[in-house]
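J.: Mind assembling these two chains? They're in different frames, but the hints should get you there.
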Amino acid sequence: MYEITNCIRRLRFEHGEMTQEELARRTGCTRQTIIALEAGKYTPSLALAFRIARAFDRGVEDVFEFKSDHPQ
Amino acid sequence: MNAEQKRAWLGVGSGVACVVAYLVILPFLGSQVAGAAFAILGLNGFAPLIGRGEKPDERDMSIVRNATLAGAVASYMTFILGCMGTWFIVFAWHREPQVSVHSLPMITFWAVLVVYLVRSAVILVLYNRHVEADNV
Numbered sequence: 001m002y003e004i005t006n007c008i009r010r011l012r013f014e015h016g017e018m019t020q021e022e023l024a025r026r027t028g029c030t031r032q033t034i035i036a037l038e039a040g041k042y043t044p045s046l047a048l049a050f051r052i053a054r055a056f057d058r059g060v061e062d063v064f065e066f067k068s069d070h071p072q
Numbered sequence: 001m002n003a004e005q006k007r008a009w010l011g012v013g014s015g016v017a018c019v020v021a022y023l024v025i026l027p028f029l030g031s032q033v034a035g036a037a038f039a040i041l042g043l044n045g046f047a048p049l050i051g052r053g054e055k056p057d058e059r060d061m062s063i064v065r066n067a068t069l070a071g072a073v074a075s076y077m078t079f080i081l082g083c084m085g086t087w088f089i090v091f092a093w094h095r096e097p098q099v100s101v102h103s104l105p106m107i108t109f110w111a112v113l114v115v116y117l118v119r120s121a122v123i124l125v126l127y128n129r130h131v132e133a134d135n136v
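As you go down the protein sequences, you meet chains A and B in turn.
Following the numbering used here, the numbering of the first sequence begins with 1 at its first residue and continues without gaps.
Following the numbering used here, the numbering of the second sequence begins with 1 at its first residue and continues without gaps.
In isolation and in its complexed conformation, chain B is listed as follows (with noise of 0.2 Å):
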């Protein structure tokens, strides 16, 4: 396993904890307290000292780098998604004039979560499919 490997664990596993914690919390304390559970999200920030003296080579470029493009799509998705799924719910459904000064952190906060989800989980699974170099 190498250095990409071990990051996209901890980004799977953080983000998998974040979500439980999520969950486990927002039954008791309501979404605004629950959304302290994307504190947990921080631990990616020790990503960089995992591997730090491993060159990655051009394979993993390209595994990264289309991971990160993936995780960009799904969280742009996700934000695009969470605003209009606001929206909906507030104005359409609702009927009320104003939405909460909330809404949009924890849609930030969701989007987050996406992109280390998503990007950690297509790195796992490129590395186990066959993969083309970028300028094959």
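Pulled out of the complex, with its shape left as it was, chain A reads as follows (with noise of 0.2 Å):
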């Protein structure tokens, strides 16, 4: 089992309170799969979290967190 987890909401208060709506447009989503990755309802492509990594400049790494029982 693994999971997913992200800072996208807190990452979008500090880049100046960006709106879900923003963001969406900006990684070409729409705001309910914004709203849906915020509340951990999805897990996003590869390429989504890159480009929403992107969005706030920073690496995927910073914004999406991954958790697993594998050991590494």
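Think of the hints as simulated: they come from the structure by calculation, not from any bench.
Glycine residues also receive a C-beta, built at the ideal position from the N, C-alpha and C atoms.
It cannot be assumed that every hint is accurate.
Only some residues are given here: those of chain B computed to face chain A with a beta carbon under 8 Å [to be verified]:
1. N2
2. K6
3. G53
4. D57
5. E58
6. H130
7. V131
8. E132
T.: Structure follows, in structure tokens:
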């Protein structure tokens, strides 16, 4: 089992209180998907994860955290 | 609510209306006339007109893909079980040598109904559940 968490909500506020609509526009997805991401209801594709990270000028691992039961 | 959810509600609504109409007509006019109730499913032809300007993103497409797969599997099972059930009732139970010409269209109608109902229901459920992108 694994879990992918994110800190999109915090990063949005750190970037001038960027709206969900604005982030959705920048990353090419819908606001509903941003809401689902922040609520932990959606695990994005690698491409979307990169787009979101770039929207915040961060690396993917600064935005998303991968937690797994398997030993590294 | 996005376009996919609106289309899914149309699918659920038309599916339920179809079943209700079929069950209301059945006792009075028989199964062959009641089969006309399946025409209600034709309302789903208007589904593409809902939210024409909206572009689905990867989450929408993932949800729709999973729901379509679930609908197809359920429909296939309905069709196979319908055929086996018909064979069992007609040949094995009543020992009759032939099947009514209405049997296959009715099984097909039910299979189509199941596609719309299951696909639409799964879409509505998945929009409220955790979903993973297809290429996580």
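J.: Evaluate each hint against the coordinates.
T.: Verification of the hints:
no. : hint : in the structure
1   : N2   : holds, 6 Å
2   : K6   : violated, 13 Å
3   : G53  : violated, 12 Å
4   : D57  : holds, 4 Å
5   : E58  : holds, 6 Å
6   : H130 : holds, 5 Å
7   : V131 : holds, 5 Å
8   : E132 : holds, 4 Å
Figure legend: structure checked against the earlier numbered hints; hints not met, in rising order: 2, 3.
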